[in-house]
Structures are given as C-alpha cells and as structure tokens.
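**Student:** These are the residues of each chain, in order.
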Amino acid sequence: MAAVLGPLQLRLAPPDYAVTLTRGMLVVQLPPEKLLETVKLLKSEFHFDLFLDVTAIDWLPKAPRFEVVYHFYSTSHFVRIRLKTPVPDADPTVDSLVSLYGAAGIMERECHDMYGIGFRGNADLRPILLYEGFVGHPLRKDYPKLQEQPLVPYRK
Amino acid sequence: MARTSTPIPIQSVGGKSAAFEYLTTKKDELVGWARKFSLFPYPFVTACCAMEFMAVSSSPYDTDRFGAALPRFSPRQADLLMVVGTVTHKQAPVLYKVYEQMCEPKWVMAFGVCATSGGFYQNYAAVQGIDRIIPVDVYVPGCPPRPEMVIDGIMQLQDKIARSRHPIISKDF
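First to last, the protein sequences are chains A and B. So the first sequence is residues 35 to 190, counted in our numbering. So the second sequence is residues 13 to 185, counted in our numbering.
The hints are simulated quantities; they were obtained by calculation from the structure and are not laboratory data. Think of the CB as a built atom: it goes at the ideal place given N, C-alpha and C, for glycine as much as any other residue. There may be inaccurate statements among the hints.
So the derived label-pair ranges between C-beta atoms look like this [unchecked claim]:
#1 175(A) x 160(B): 38 to 46 angstroms
#2 158(B) x 178(A): 51 to 59 angstroms
#3 71(B) x 59(A): 44 to 52 angstroms
#4 74(B) x 110(A): 51 to 59 angstroms
#5 158(B) x 51(A): 49 to 57 angstroms
#6 172(B) x 163(A): 54 to 62 angstroms
#7 190(A) x 117(B): 15 to 23 angstroms
As a list, the in silico SDA-like pairs of lysine to any residue whose alpha-carbon atoms are at most 25 angstroms apart [what the hints assert, rightly or not]:
#8 175(A) x 160(A)
#9 39(B) x 49(B)
#10 179(A) x 141(B)
#11 175(A) x 132(B)
#12 179(A) x 49(B)
The following block holds chain A by itself, in its conformation from the complex (with noise of 0.2 angstroms):
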C-alpha cells in the first residue's frame, strides 16, 4: 500500500466516507454532494491529477438505484483510487468534473448516453457513441436486451 493513501484515510472519515481496501486499490463511499470537494482535495493536495474513467452501475432493484464510479491516478504517488457515490433513479444527477479535470467531459458524455445519468455543469452531453434519436439508455437493465433502433429501413 502506497504511503500516500495512510493521510488519505485519515481525511476521509466517517461518518460522510466509507474507505475499503480492494485488492490494493481504496475504495470510498461518499455521498454525492461531497464529490466536487473530495475530488478538489484529492487532486490538490493529493496529486490525484490523472482522471481514468466514469461509468455507473445499475443496481435495479435496490434503492438507491445507480452508483456512480470514479478513477483517478496519482503519476507521482503511482496509485488508484475509486470513488463511488450513490444517485436515485428520480433524479440521476451528479456534479460534473469538467472544471477539474478536461478529460472528464468526454466520458461523462458517455456515461450520459448509456446510463442516463445527468451531470450538473456539462454544457455538453450530447450523444457520443449513440445517435441523435436514440430513445432510451441502453446499459440500463430496464433497456430490452434485443432492442434495436435502426437509422435505415430493413428490406423486404
């Protein structure tokens, strides 16, 4: 385990942070309104200042419905970390990274296509790897398995 990630722990305590040990990587809980300030600390005082990914899970049945998942980079600490803030199914709506991280834009996008999920200060969530006229967010386990949308009319 890094040496970074000992201070870490102790900045992030309960009972708004729930840290984790997973195979060598932390993994904190927090509550979604706490994101843009736990992101802001981990970047500046802990050169977190790689941003890897966003995705969302889908946990259908449970409540609260989808989880929002983060991964950053430390390119001098050499380690990851993963947040992951839970967001209701009535308003699927996080904080946006994009003033943090430029990166961030692009994958929100995505994470906006295929889970719906709305980032709050994203100017720019239009579809990137789906089409205008797409209905519906096809990683949602609610979206048909089979379901197509297609651009051109199929023959006969």
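Once you have looked at the hints, place chain B on chain A.
**Tutor:** Chain B in isolation, oriented as in the chain A frame:
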C-alpha cells in the same frame, strides 16, 4: 411405316426469335466471362476482419488470380463491395450510401460472421447481418474467415457472375 418429317417450328419467345435467344445467351457467357475476372473490390472495412482481408489480398494468397486484387477506394469505380467486419446501427447509413453510390453491375460479399449475421453481437448496437440493409451475393462466415474461405467465396461469386444474365445491350441487340 413411313416417317413423316415435320419441320420443328422455330418458336419465338416474347416476340424474339430463337436466334436472338441463342446470341443473347452467348453474349451473356462472353460478358460474364469478362466480368468475373475483373472484380474491383471496395473494402468497407470496419473491424478486426480487416487483418484477414490484408492477409488474403497480399501476395501469398494472390487474389489477382481472380482479377480481384485492385481495391478501389471510390465506390463509383468498384464492382464488388466487401463488407469486412461488424456494422453498427450508427454506421448503417454510411454503408447504405456507399452501396447506393456504386454503379451497376455490383455485387456484395459479407466478409466474416459479423457482416453475415451479426455474429456474437446481439444487442442494441449491431446490425444482425448486412442483408437487412443491402442485398448480399456471397456470405463468407468465420471469425475471421480463413484466406481459403475468402478465395472460395470469390470463386463462388465468379460462378454466379458467369451464370447470370448481363443485360448490357438493349432489346434490339
């Protein structure tokens, strides 16, 4: 018993004489022979089957033997549309447009199992076979197909071209 020789009447089909039909058949053979050895492929390459396409079009397998060696990167100059790889719904309008831009006569080869039937992709994204969008003449399954299979597909397409009619000349011949 004396044989009565009745002359066989030369039947005219659709107002045309039998001689016309004979010459048309010979003309179809000639044009078919010429066309089957001058297939200019347009590779519509979308996915990993491209590697196998490169292998089959390189010198060890020598598709020049079948006149199908020279890829034309304009659909207007091509006769054979080789759809190599997975076609998604987002890409389907592009494929359709490329097919529409090709001049008659044109043939389509579905190269690989994804172009043939969607392959192992059955979800919101993949077209379940390009024959849902455009007509296909020869299917080459495989993930990816061996070069021998592709060459076999080209030869089957050549047979199909040689056997089919080629109405390039008007009804007045």
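**Student:** Compare the structure with each hint and give your call.
**Tutor:** So, going through the hints one by one against the coordinates:
no.: 1; hint: 175(A) x 160(B): 38 to 46 angstroms; verdict: 43 angstroms, holds
no.: 2; hint: 158(B) x 178(A): 51 to 59 angstroms; verdict: 36 angstroms, violated
no.: 3; hint: 71(B) x 59(A): 44 to 52 angstroms; verdict: 49 angstroms, holds
no.: 4; hint: 74(B) x 110(A): 51 to 59 angstroms; verdict: 55 angstroms, holds
no.: 5; hint: 158(B) x 51(A): 49 to 57 angstroms; verdict: 56 angstroms, holds
no.: 6; hint: 172(B) x 163(A): 54 to 62 angstroms; verdict: 38 angstroms, violated
no.: 7; hint: 190(A) x 117(B): 15 to 23 angstroms; verdict: 22 angstroms, holds
no.: 8; hint: 175(A) x 160(A); verdict: 22 angstroms, holds
no.: 9; hint: 39(B) x 49(B); verdict: 16 angstroms, holds
no.: 10; hint: 179(A) x 141(B); verdict: 17 angstroms, holds
no.: 11; hint: 175(A) x 132(B); verdict: 20 angstroms, holds
no.: 12; hint: 179(A) x 49(B); verdict: 44 angstroms, violated
Of the numbered hints stated above, those contradicted by the structure are hints 2, 6, 12, listed in ascending order.
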